[in-house]
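> Let's have the full structure, built from the sequences with the hints guiding it.
Taken in sequence, the protein lines are chains E and Y.
Residues 1 to 236 (my numbering) make up the first sequence, in order.
Residues 237 to 622 (my numbering) make up the second sequence, in order.
Any given hint could be a false lead.
Simulated coverage check for chain Y against chain E, where a stretch passes if three residues somewhere in it have a Cβ under 8 Å from a Cβ of chain E [as the list claims (entries may be wrong)]:
| hint | region |
| --- | --- |
| 1 | 518-531 |
| 2 | 536-549 |
| 3 | 605-616 |
Derived by calculation from the structure, the hints in this document are not laboratory data.
Here the structure is a predicted model, which means the values were calculated and not measured.
Backbone N, C-alpha and C fix where the C-beta goes; we use that ideal spot for every residue, glycine too.
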Amino acid sequence: MAQPLIRLKDVTKTYTRGGETLTVLNRLALDMEEGGYFALMGPSGSGKTTLLNLIGGLDRADHGLVAVAGEDLTVLEGAALSAWRARTVGFVFQGFNLIPVLTALENVELPLKLTGLSGKARREHALHALELVGLSDRAKHRPGQLSGGQEQRVAIARAVVSDPKLILADEPTGDLDRASAEQVLTLLDKLNTQMKKTILMVTHDPHAAQHARTIVHLDKGQLGRIEHNQPAAARA
Amino acid sequence: MPPIVLLWRNLWRRPLRSILTVMSLAVAVFLICGLRSIITTIRAAADNCDPRRLAVMSASGLFVELPLHYQARIDKVPGVEITTKFQWFGGYYRSQKNFFAQFAIDPETMFAMYPECKVEPDAIQRMATDRTACIIGSSLAREFGWKVGDTIPLVGALHPHPEDKAWEFKVAGLYHSDRPNFDNRTLFFRWDYFEETLKQGGVPPAVGVYSIRVAPGADVAQVIADVEDVFKDSEQRIDCTTEAEFQRQFQSMFGNMPLFLTWIGAGVLIAILVASVNTMLMAMREQTPDIGILKALGFTDGSMFVLFLLQSTFLALLGGGLGVFGALATAPFISAGLEMFAPGYAVQPGTVVLGAVVALAIGPIAGILPAMRARSLTCIAAFRGE
Numbered sequence: 001m002a003q004p005l006i007r008l009k010d011v012t013k014t015y016t017r018g019g020e021t022l023t024v025l026n027r028l029a030l031d032m033e034e035g036g037y038f039a040l041m042g043p044s045g046s047g048k049t050t051l052l053n054l055i056g057g058l059d060r061a062d063h064g065l066v067a068v069a070g071e072d073l074t075v076l077e078g079a080a081l082s083a084w085r086a087r088t089v090g091f092v093f094q095g096f097n098l099i100p101v102l103t104a105l106e107n108v109e110l111p112l113k114l115t116g117l118s119g120k121a122r123r124e125h126a127l128h129a130l131e132l133v134g135l136s137d138r139a140k141h142r143p144g145q146l147s148g149g150q151e152q153r154v155a156i157a158r159a160v161v162s163d164p165k166l167i168l169a170d171e172p173t174g175d176l177d178r179a180s181a182e183q184v185l186t187l188l189d190k191l192n193t194q195m196k197k198t199i200l201m202v203t204h205d206p207h208a209a210q211h212a213r214t215i216v217h218l219d220k221g222q223l224g225r226i227e228h229n230q231p232a233a234a235r236a
Numbered sequence: 237m238p239p240i241v242l243l244w245r246n247l248w249r250r251p252l253r254s255i256l257t258v259m260s261l262a263v264a265v266f267l268i269c270g271l272r273s274i275i276t277t278i279r280a281a282a283d284n285c286d287p288r289r290l291a292v293m294s295a296s297g298l299f300v301e302l303p304l305h306y307q308a309r310i311d312k313v314p315g316v317e318i319t320t321k322f323q324w325f326g327g328y329y330r331s332q333k334n335f336f337a338q339f340a341i342d343p344e345t346m347f348a349m350y351p352e353c354k355v356e357p358d359a360i361q362r363m364a365t366d367r368t369a370c371i372i373g374s375s376l377a378r379e380f381g382w383k384v385g386d387t388i389p390l391v392g393a394l395h396p397h398p399e400d401k402a403w404e405f406k407v408a409g410l411y412h413s414d415r416p417n418f419d420n421r422t423l424f425f426r427w428d429y430f431e432e433t434l435k436q437g438g439v440p441p442a443v444g445v446y447s448i449r450v451a452p453g454a455d456v457a458q459v460i461a462d463v464e465d466v467f468k469d470s471e472q473r474i475d476c477t478t479e480a481e482f483q484r485q486f487q488s489m490f491g492n493m494p495l496f497l498t499w500i501g502a503g504v505l506i507a508i509l510v511a512s513v514n515t516m517l518m519a520m521r522e523q524t525p526d527i528g529i530l531k532a533l534g535f536t537d538g539s540m541f542v543l544f545l546l547q548s549t550f551l552a553l554l555g556g557g558l559g560v561f562g563a564l565a566t567a568p569f570i571s572a573g574l575e576m577f578a579p580g581y582a583v584q585p586g587t588v589v590l591g592a593v594v595a596l597a598i599g600p601i602a603g604i605l606p607a608m609r610a611r612s613l614t615c616i617a618a619f620r621g622e
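The following block contains the structure:
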């Protein structure tokens, strides 16, 4: 068993809406090893996205330990948390979340602006990342000029360009047609098997989940069953 | 630091909105510079007056005339070097819309007393030989296309011609002044023509204002006191002041113009500030998802604050720069239009600095609220569009 990249202990998260307190995650405990490929599944409201946000340092647990890549995220804040996110995590969102006024190349280059790389080196890295997702010919296109599948591939290029350990993908195929979804899943497989990235993917889609080696089920904020799976990439 | 490329692209995300914002800022700064220039020009008129020149008018006000024989008594006051007289003619050329100042003067003393009023020597000679001659300002000549030798008919609204016809003045020459205390849109004609013509109709001529030049070395305050003392028991008491004070009193007849213009400028400033804040809040709302993305990628709260502050500042500087440029570029045209009200209108370096400071201040002030919101917004809230 490899060293866990993600360690969750007794994690609780509640929200208050309209005077009512809703427990989204309830004393959750889970370890995820580095280099793994995890799918988080569960019905709507089960706490999947909340858990992803806690692990990505986008949100803060009310209670418990959230340790990722050796950092306790419950104590990290401000610029230190931002810097940690920049070097540790790459995000892939359901709605792609590209900045519409920037070209594909500029979107991919964004995380590298936080590094000490020169402009030329940044462009080279960004172009390389676009090549990796097969979109170097679309470098000058803006998101509005790309298909949904292409946009998500640009988002994946942006997620990996700064070489983070962890890729967090929230319903990455949710807004895509089957062919595009397959391309995205193949790319995620490649990131895991060839580039050794740890991937945590939230999905509703059982077919997408089959690409992961571990499928974690959540229900009403609590851990359900954990399936170990022969991933699609390995099967192929 | 936020990505500069994003800053630039965001500015042109809604090109029409950005252009309208820049234009409204430009107009506001242009107005502020213009209004400020009028104020400084008005003040310069008083500040540029010769401290040795005095004005004598009726203690009852500028519209009450003084007797003609006062001049001889003023001349006898110790310290008085020259005295000259002015009478407002108040006529118009063809239509009352064609308004400009006309004064009956004694050319010899008047031009000696006002060296800033530059006249060709030939013109003074021609004026001396022709009783109906007049000297006109260079701007006035340009405005009406008058040249030497032309005859200008003026209807004497205040001083009707005894033969019930227009007065006629022959242009003997042009004058020009570079000083803001002396406009270039006035017509000066001979006192003797004025006096004799009025006498034909049985009207005794009177004087509007006497102007005095104090002899070098004489005490100006003492001369003022002595002149006033001469007429303290006369039928018409007088008010003797420095020319600068006279200018200020004349300007105050139109109310406290500098204060009025300052209030207009302040109103413009507040209006544009509110509009700019609104624009930046709209821009911030539109860019809310981007804030979430950037923060998720690792950009700090502080860099989001700077991003919005810089956007706002850039728009304000662009608009402010255009406004200042507009004020400078239009100054010659405005100067021509305000020749009589504010002669020598010019945009002073201090006004350019004021325009730049206003633009520099509007940017951060308009951007501070959206910048603070962008800083405090969490990624989750930004993705939800809150």
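> Could you tell me which of the numbered hints above are not met by this structure, giving the numbers in increasing order?
Nothing - there is no hint that the structure violates, so all of them hold.
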